[in-house]
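From first to last, the protein sequence lines are chains B and R. Counting from 1, one number per residue, gives the positions in the first sequence under our numbering. Counting from 303, one number per residue, gives the positions in the second sequence under our numbering.
Please keep in mind that the hints were generated in silico from the structure rather than gathered at the bench. Just so it is clear, the structure is predicted and the values come from calculations on it, not from any experiment. Heads up, the beta-carbon is just placed ideally off N, CA and C, and yes, glycines get one too. Errors might be hidden in some of the hints.
Said to hold, decoys possible - Simulated restraints on C-beta separations: (1) B:G78 with R:L415: 46 to 52 Å; (2) B:Q154 with R:M355: 45 to 51 Å; (3) R:P396 with B:S59: 30 to 36 Å; (4) R:V471 with B:A106: 52 to 58 Å; (5) R:A407 with B:Y44: 48 to 54 Å.
One letter stands for each residue in the lines below.
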Amino acid sequence: MIVIVETIARLAGWLLLAPLLPGIINKVKAWVAGRRGPPVLQLYYDLGRLWQRGVVLSSLASPGFIAGPAVAWVAIVGAALLLPLGPAGALLSFRGDALLVIYLLALARFGTAWAAMETGSAFEGMGTAREVSYAVLAEAAIITAMLTLSVHAQSITLVEMLTPASGVGAVLLGAGLFTVLLVENCRVPFDDPNTHLELTMIHEAMILDHSGPPLAAILHGASVKLLLFAVLLTESVVPLGHFSGPVACAVLALGVLTVTVGVGLVESLLARLAFRRVPLLLTTAILLCLFALLVAWKGGAA
Amino acid sequence: MNSMVNLLIGLAMGLNLIALASSRLPALITAMAVQGMALGAMPLLLEHHFDWMVSLVAVCTIAGKGFVIPYLLRRAMRAANIERDMEPTIGYVPSLLLGAGGTIAVVAMARALPLLPEHAGSLMVPGALASVLTGFVLLIGRTKAISQVCGYLILENGIYLFGLLLIHVTPLFVEAGILLDLTVGVFVIGIIVDRIQRAFDTLDTRKLTTLHE
Chain B
1 MIVIVETIAR
11 LAGWLLLAPL
21 LPGIINKVKA
31 WVAGRRGPPV
41 LQLYYDLGRL
51 WQRGVVLSSL
61 ASPGFIAGPA
71 VAWVAIVGAA
81 LLLPLGPAGA
91 LLSFRGDALL
101 VIYLLALARF
111 GTAWAAMETG
121 SAFEGMGTAR
131 EVSYAVLAEA
141 AIITAMLTLS
151 VHAQSITLVE
161 MLTPASGVGA
171 VLLGAGLFTV
181 LLVENCRVPF
191 DDPNTHLELT
201 MIHEAMILDH
211 SGPPLAAILH
221 GASVKLLLFA
231 VLLTESVVPL
241 GHFSGPVACA
251 VLALGVLTVT
261 VGVGLVESLL
271 ARLAFRRVPL
281 LLTTAILLCL
291 FALLVAWKGG
301 AA
Chain R
303 MNSMVNLLIG
313 LAMGLNLIAL
323 ASSRLPALIT
333 AMAVQGMALG
343 AMPLLLEHHF
353 DWMVSLVAVC
363 TIAGKGFVIP
373 YLLRRAMRAA
383 NIERDMEPTI
393 GYVPSLLLGA
403 GGTIAVVAMA
413 RALPLLPEHA
423 GSLMVPGALA
433 SVLTGFVLLI
443 GRTKAISQVC
453 GYLILENGIY
463 LFGLLLIHVT
473 PLFVEAGILL
483 DLTVGVFVIG
493 IIVDRIQRAF
503 DTLDTRKLTT
513 LHE
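All chains should be modelled from the sequences, with the hints used to inform the complete structure.
This is the structure in structure tokens:
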């Protein structure tokens, strides 16, 4: 009984809190630009509106057009539930769950890419190609980051892995994971979530033909993914184990808020990179994680 | 003391990678200058007692590598009117990967080297080898004369770091002499760059292999 209540509580937490993050980012951007900006709860209104609308289905599309977003949403929420939340631990923890999180995120990407290709639109194919080619490097970076954590903690269980190192290693890993967060969630400088020009879109180009509830699932899944990466980044840099229960929760919330505001600031202050410069930045992210791995490895041996 | 030294060498290693990844010459020169200053401060950390000779050489190194040489290079860059090194022989991503792979390899390899016990825990040998490797990659992979000079200076930073291993036995006059040579060398290169630019209308060293009247 307790397990069921806990599951529902966690699920509700992830699902209800996630759409808050894009709202905060937009508020920060508006604040830096001196505008009033959309309300923080804007995404909730959008999701509610989309949920009530009908779906426009292409006669060419197979059931995968609807199944793709559903698979992606379920995979992302599943990955989120595997992630431990500070002192509360994880809902489900077993040896090698870190690998499952990586694979679930990859499955989610496959789901969106699959659904995007269904209508046979050239723009969506282009967006998918870009998304997947960025993912090749971004996934290498996140695998290296996971490897760093597991080498440091001598474990491949997420609950034990997220007890971070201090000093240089944590700084390197934090910088690497923050870059991964930006590319995985299609933020500036890799992609511009506000762009209205199809030729420059990446993630937005993939969802051009979706409407109604499937589009709501994609948008909501994207916000859960952002929250997931923010939590992962905070827990791999801040040693939450040193604090008592309520303090740790507060620190975790503060960390997620800091990451979100940081994303907003990056979006306000940086311009988007030219496409040909992106691999260099992604390689830098891999190297940051790789050097954190080196520090963890050398530190463990000494 | 040792952790402070290692932090500075780690910073120098990071600057190596920044130098390999940056396509803009001002960024390359800045990375080189900051690295020179970080390594220039090292003798003060390594020497346990205050010695006016050591302090003098350290101050001269910081001033020379951090301000004089970058100033000369920036002046040469403005005179030659170039901002970036386009079309490198080795691209930025491959050179970054080469540098990073080399750095990781030397850090891993340094354990196998027969070092004195007091140097075993420090990053000095890997840092020196990594800087030398970075210098080589820049010398081979870039086509503009000024970036090659920066590569040469990073190479020299590595050799300087290697020389610091022997700080207690070699006279610092050797270091001071090298620094003087370096400054004069860069001064001369600054003039040569200007001449090359006037004679050939480019600083691309690939075009300097054919004879001109």
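Exercise for the section: List in ascending order the numbers of the hints, as given earlier, that are violated by the structure. Expected result: Number 3 - this is the single hint that the structure violates.
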